[in-house]
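Mapping of the sequence shown onto the working numbering: position 34 corresponds to residue 34, and the numbering continues sequentially without gaps.
No wet-lab data here; the hints were simulated from the structure.
Be a bit skeptical, because a hint or two may be false.
[Said to hold, decoys possible] Label-pair distances were calculated between CB atoms; the ranges are:
1. A165 - I136: 18 to 28 Å
2. P164 - A23: 30 to 40 Å
3. G67 - P116: 33 to 43 Å
Note that CB positions come from ideal geometry on N, CA and C, so glycine has one too.
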Amino acid sequence: MNRPRHTRAVVDAGPEHTVKTFADPMVARREAWIYEHLPWACPRLVDFDGDRRLVIETLPVAIDHPGWRPAGQLTELLAALLEHGFHHRDVHVGNVVRAADGSPRLIDWETVIWWPALASYDLVGPAASGVPAPDIHARLAPQWWWSTQSLAIGRQWGGADAVPAPAGQRA
1 MNRPRHTRAV
11 VDAGPEHTVK
21 TFADPMVARR
31 EAWIYEHLPW
41 ACPRLVDFDG
51 DRRLVIETLP
61 VAIDHPGWRP
71 AGQLTELLAA
81 LLEHGFHHRD
91 VHVGNVVRAA
101 DGSPRLIDWE
111 TVIWWPALAS
121 YDLVGPAASG
131 VPAPDIHARL
141 APQWWWSTQS
151 LAIGRQWGGA
161 DAVPAPAGQR
171 A
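Model the full structure from these sequences, guided by the hints.
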């Protein structure tokens with residue numbers, strides 16, 4: 001079933017493959033690059049037409065499986081991204097999927113940025129990491145582990161053992 005995900009892309013999530021059709025070819029190419037070069041961080045790239053249409057393997061989304069909460073493994077994944085200089089900048093339970101081996105992967109890489117930093121934007125947020133928030137989050141609170149957004153990992157899963165909540169904030 002086709003459903004508009006947002007104005008930047010349309011997502012058709014089928015049982016085996018998910019097709020994402022982008023409005024902007026530059027954004028499509030950047031996201032395809034991530035799927036090609038960071039296969040340990042995302043589902044398998046099945047096809048990319050080189051322009052706007054990306055096809056990836058469909059994996060179960062964390063938001064649909066509330067009993068699956070791989071907070072520790074997700075922090076390891078985000079730390080590995082940091083080691084390579086990448087920040088997803090939209091990590092929430094709707095963008096975490098489960099690989100066949102049970103480990104987490106990330107989808108929806110439209111806001112990814114390569115930015116060398118001492119801390120992960122996805123774990124500590126824009127202020128503490130020094131990594132800028134994406135322009136598309138200008139009207140919203142930025143999405144990161146302990147964001148005030150309702151789907152934030154910290155709000156949904158807690159995970160204080162993996163990522164301590166900032167002072168005055170709790171799940």
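So, going through the hints one by one against the coordinates:
Separation of A165 from I136 is about 25 Å and conforms to the stated range, judged on CB atoms against 18 to 28 Å. In this structure, P164 and A23 meet the distance hint of 30 to 40 Å, their C-beta atoms being roughly 38 Å apart. G67 and P116 have their C-beta atoms about 37 Å apart, which keeps the hinted 33 to 43 Å range intact.
Checked against the numbered hints given earlier, this structure breaks none of them.
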